[in-house]
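Visitor: Chain order of the listed sequences is X and E. In terms of the UniProt record's numbering, the first sequence opens at residue 1 and continues consecutively. In terms of the UniProt record's numbering, the second sequence opens at residue 1 and continues consecutively.
Incorrect hints may appear among the rest.
As the list makes no split between identical chains, a pair holds if one copy fits it or if it spans any two.
[Stated by the list, open to error] The list that follows gives simulated cross-link-like pairs (lysine-lysine, DSS-like), each with its CA atoms no further than 30 Å apart:
| # | residue 1 | residue 2 |
| --- | --- | --- |
| 1 | K189 | K63 |
| 2 | K109 | K63 |
| 3 | K51 | K189 |
| 4 | K219 | K253 |
| 5 | K186 | K31 |
| 6 | K109 | K253 |
Treat the hints as calculated values from the structure; they're not laboratory data.
Protein chains: 2
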Amino acid sequence: MDDVEIRNRTGSLHFIRFPTSEMSNFLSLAKSKGMADLVTAVCATGGGAYKFEKDFMHELNMKLAKFDELDTLIKGVLFSELRNTAECYYFHNARNIRHSEKKSYDFSKPYPFILVNVGSGVSLLAVYGPNNYKRISGTSLGGGTFLGLCCLLTGFKDIYGGDYARFGLPGDLVASSYGQMHNKDKQGKVSREDLANATLVTITNNIGSIARMCALNEKIDKVVFVGNFLRVNSISMKLLAYAMDFWSEGSLKALFLNHEGYFGALGCLLQFNNSDIAEYIR
Amino acid sequence: MDDVEIRNRTGSLHFIRFPTSEMSNFLSLAKSKGMADLVTAVCATGGGAYKFEKDFMHELNMKLAKFDELDTLIKGVLFSELRNTAECYYFHNARNIRHSEKKSYDFSKPYPFILVNVGSGVSLLAVYGPNNYKRISGTSLGGGTFLGLCCLLTGFKDIYGGDYARFGLPGDLVASSYGQMHNKDKQGKVSREDLANATLVTITNNIGSIARMCALNEKIDKVVFVGNFLRVNSISMKLLAYAMDFWSEGSLKALFLNHEGYFGALGCLLQFNNSDIAEYIR
Numbered sequence: 001m002d003d004v005e006i007r008n009r010t011g012s013l014h015f016i017r018f019p020t021s022e023m024s025n026f027l028s029l030a031k032s033k034g035m036a037d038l039v040t041a042v043c044a045t046g047g048g049a050y051k052f053e054k055d056f057m058h059e060l061n062m063k064l065a066k067f068d069e070l071d072t073l074i075k076g077v078l079f080s081e082l083r084n085t086a087e088c089y090y091f092h093n094a095r096n097i098r099h100s101e102k103k104s105y106d107f108s109k110p111y112p113f114i115l116v117n118v119g120s121g122v123s124l125l126a127v128y129g130p131n132n133y134k135r136i137s138g139t140s141l142g143g144g145t146f147l148g149l150c151c152l153l154t155g156f157k158d159i160y161g162g163d164y165a166r167f168g169l170p171g172d173l174v175a176s177s178y179g180q181m182h183n184k185d186k187q188g189k190v191s192r193e194d195l196a197n198a199t200l201v202t203i204t205n206n207i208g209s210i211a212r213m214c215a216l217n218e219k220i221d222k223v224v225f226v227g228n229f230l231r232v233n234s235i236s237m238k239l240l241a242y243a244m245d246f247w248s249e250g251s252l253k254a255l256f257l258n259h260e261g262y263f264g265a266l267g268c269l270l271q272f273n274n275s276d277i278a279e280y281i282r
Numbered sequence: 001m002d003d004v005e006i007r008n009r010t011g012s013l014h015f016i017r018f019p020t021s022e023m024s025n026f027l028s029l030a031k032s033k034g035m036a037d038l039v040t041a042v043c044a045t046g047g048g049a050y051k052f053e054k055d056f057m058h059e060l061n062m063k064l065a066k067f068d069e070l071d072t073l074i075k076g077v078l079f080s081e082l083r084n085t086a087e088c089y090y091f092h093n094a095r096n097i098r099h100s101e102k103k104s105y106d107f108s109k110p111y112p113f114i115l116v117n118v119g120s121g122v123s124l125l126a127v128y129g130p131n132n133y134k135r136i137s138g139t140s141l142g143g144g145t146f147l148g149l150c151c152l153l154t155g156f157k158d159i160y161g162g163d164y165a166r167f168g169l170p171g172d173l174v175a176s177s178y179g180q181m182h183n184k185d186k187q188g189k190v191s192r193e194d195l196a197n198a199t200l201v202t203i204t205n206n207i208g209s210i211a212r213m214c215a216l217n218e219k220i221d222k223v224v225f226v227g228n229f230l231r232v233n234s235i236s237m238k239l240l241a242y243a244m245d246f247w248s249e250g251s252l253k254a255l256f257l258n259h260e261g262y263f264g265a266l267g268c269l270l271q272f273n274n275s276d277i278a279e280y281i282r
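My request is simple: use the sequences and hints to build the entire structure.
Guide: Here it is in structure tokens:
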């Protein structure tokens, strides 16, 4: 993200990611590069901020500055949308999944909106203003479920970086996910790709269904989906766009953001040192 | 169900069940016993009423009298509750899953209520009167998903009749179902029982979460769970009772019915020959 000004400094923001299972490698690298000589604290949010606090102290002699997960998420979303006009998009022609296309969306008047954060698990927030939001629902069936089930079902040990795009797209309505899989004849006929696809579609549809109910409940027509589950995962995004459009008969809009999984990190940066961040968000 | 009067005949209703994968055995038995000499039509509902229509005609020369799945479900529920005062119950002390207990519930003033039918898939209805209801939501993650996923995950080919009760009960809140299962070290440490339990808890919690949102949406405080998924499945029922009570802070009541999976069949019987069933339900 270029030409970003934060606390009178202008520059580019770069985003990288790694699974927390690689944290010990990160700590070794940071130690060898003398990271603690440059900074004394690292901003962190989410469960990892608590889980790895001791390791940062012991290995690097650095503090973790911990921030609230949902606060930072929303601050990050609002900041990035304001500073990066190409941030928000939707899928044009959402009912035709194979041919739906990304289009820019003007999110300059954001409120109210539903924010669905799909990480390992899923949180759903209703956002009425920069400091006015509530967590309205959640589900434990998220990206972690997809990865875990996929590995269990397909026998692959690790599918990070796997090529999601090779899985086909669903044609028909599903009455019962995996519903035939107790039948041993049918079990023999499914491929690993079928199982991975079924898992992706099942998890995605469930999230879409819950998001739609929450939007109805709150009488809000914009639903913004973020989180690392959506990274390089156009199948899920297109499915979510389709599901929102179809089940709401066009009255709900599924929106997506280009920096889908980094808003918590960005929000941490903005909140660091308790600086007044009101100026950064509308 | 004893001392039931239907069209001036009084007797006991007996309920039996078998999976539709056994339908050819049922047809053979019916043929050998001369079932077609006694009756000319069998009442049926659900997808099977369409799927097996030809087989009944070819094998037995019998018609299937097909009835709407949701109509018969509701008629069956209302009839059985009216004729069997011990039909409806709840779990007392729902927050303490290990010690919660079945207690009779007076369902004589039923309306409005949410009806959650957990079969292979799940349908959620808002019921305002005997002929006034709407389907408000549904999910494909139901009993079929549990059976299918369990068989895929545990390697068992068929777990019908499996002893669900041996699976343990959950203690902690789950952030991401199966969330650690992409980690090969952790994958090696889980047993088949753990995986079956995780599947049961995941499916059940998801159903509970959707039911709660629907109840909020419709401003209805009674949620009746039925369907064959709940048969000999006190773990799921207690989990649902716990989830409803906990997440609603006591304002939602989870109710259950003793003939959980037979209301569609009962509703079919009542509707057969287009008889006026108004007298059978309140």
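Visitor: Taking each numbered hint in turn, which are not upheld by the structure, reported in ascending numerical order?
Guide: Violated: hints 1, 2.
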